[in-house]
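**Student:** Could you put together the complete structure from these sequences and hints?
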Amino acid sequence: MICDRCNNQAAYTRKYSGEKLCSQCFSKSIVKKTAKTISKYKMIKHNELVAVAVSGGKDSLALLKVIHEMSLTHSFRIKVITIDEGIPGYRNEALEIVKKVCGELNVDHKIYSYKDLFELTLDEALDLRENEKTSSCSICGTFRRRAMDYAAKDIGADVIATGHNLDDTLQTFVI
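Counting from 1, position 117 in the sequence shown corresponds to residue 117 in the numbering used here; the numbering is continuous, with no gaps.
Below, simulated EDC-like cross-link-like pairs (lysine to aspartate or glutamate); rule was C-alpha separation at most 20 Å, straight line:
| hint | residue 1 | residue 2 |
| --- | --- | --- |
| 1 | K79 | D59 |
| 2 | K15 | D4 |
| 3 | K65 | E104 |
| 4 | K79 | D108 |
| 5 | K115 | D149 |
| 6 | K153 | D108 |
| 7 | K33 | D4 |
| 8 | K32 | E19 |
| 9 | K28 | D59 |
| 10 | K58 | E85 |
| 11 | K100 | D59 |
| 12 | K99 | D59 |
| 13 | K153 | E119 |
| 14 | K40 | E69 |
| 15 | K79 | E69 |
| 16 | K99 | E85 |
| 17 | K58 | E69 |
No lab work stands behind these hints: they were computed from the structure.
**Tutor:** Next comes the structure, spelled out in structure tokens:
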């Protein structure tokens with residue numbers, strides 16, 4: 001299977017169009033499509049600072065790479081924020097991945113912990129629940145959103161970019 005744009009080996013076929021793309025052309029097309037959407041809806045304005053919320057998962061790392069690529073040719077700046085829930089062993093590997101990628105991209109990165117912001121880790125907050133029916137996801141989601149808002153304000157960001165997909169949004173809505 002050959003890439004329709006450059007004749008290299010294709011790695012992906014778009015279901016809606018049948019277009020075959022190699023990894024490099026696919027990445028370029030995602031950056032271009034994202035830039036077009038951001039411009040169309042005026043999501044980031046000239047010289048704004050974008051706080052890119054990166055957990056270390058594939059969605060947020062992909063977002064970081066796309067936003068970073070755009071920042072090289074568009075007039076905005078980025079800083080990465082990561083939220084640490086304080087759960088032993090849960091975020092350690094992801095934090096290392098985020099640090100490594102930020103170093104490779106030469107992007108500032110700051111970690112905000114629940115413990116520093118709220119004086120509680122997520123586990124400690126869950127232990128204080130009065131109603132066991134209150135889900136841990138509901139509590140964590142509320143804390144995380146508040147932490148991202150605080151972090152964005154702390155670094156002077158004008159915009160927060162998150163790697164949430166539609167499934168994440170629907171889960172939050174249902175919770």
